[in-house]
Amino acid sequence: MRNPPVIECPHIIVVIPFTQEQVSNMVRDGFGDQSGAKLIEQRGIDFAPAEDFLQTLKAAGAAGHHAAGKG
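For what it's worth, this note's numbering labels the leading residue of the sequence shown as 1095, then goes sequentially.
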């Protein structure tokens, strides 16, 4: 059985948004500052952050609403 051809597209970049769990982990791991906010701005998020989630991020060390892509 032959393998199907592989199509290489070096100019296509698939950007997968962060999940809520990934954002929480980023803040927990110390990326609740501008570095984490920049990553989130670049990739986006795949959820609508509720106010209680934003408060949890702030309590964990996130800088304002930037850590959840709202700033």
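The hints are simulated quantities; they were obtained by calculation from the structure and are not laboratory data. As the structure is a computational prediction, the values presented were derived from the model and not from experiment. Do not rely on the hints blindly, as some may be mistaken.
Stated by the list, open to error - What follows is a list of derived Cβ distance ranges for each label pair:
{"#": "1", "residue 1": "Gly1124", "residue 2": "Ala1144", "range": "37 to 47 Å"}
{"#": "2", "residue 1": "Glu1145", "residue 2": "Pro1104", "range": "37 to 47 Å"}
{"#": "3", "residue 1": "Asp1127", "residue 2": "Cys1103", "range": "14 to 24 Å"}
{"#": "4", "residue 1": "His1105", "residue 2": "Leu1133", "range": "35 to 45 Å"}
{"#": "5", "residue 1": "Gln1149", "residue 2": "Cys1103", "range": "36 to 46 Å"}
{"#": "6", "residue 1": "Glu1145", "residue 2": "His1105", "range": "34 to 44 Å"}
Idealized CB from N, CA, C, for every residue including glycine.
Evaluated hints:
Here the CB-CB span from glycine 1124 to alanine 1144 is close to 23 Å, at odds with the stated 37 to 47 Å. Between glutamate 1145 and proline 1104 the beta carbon distance is about 42 Å. The supplied range of 37 to 47 Å therefore holds. At about 34 Å, the CB distance of aspartate 1127 to cysteine 1103 disagrees with the hint of 14 to 24 Å. One distance hint, 35 to 45 Å for the beta-carbon pair histidine 1105 and leucine 1133, is violated here, with the actual separation near 22 Å.
Roughly 42 Å separates the CB atoms of glutamine 1149 and cysteine 1103, a value that falls within the hinted 36 to 46 Å. About 40 Å separates the C-beta atoms of glutamate 1145 and histidine 1105, a value consistent with the hinted range of 34 to 44 Å.
The structure fails hints 1, 3 and 4 (numbered hints given earlier, in ascending order).
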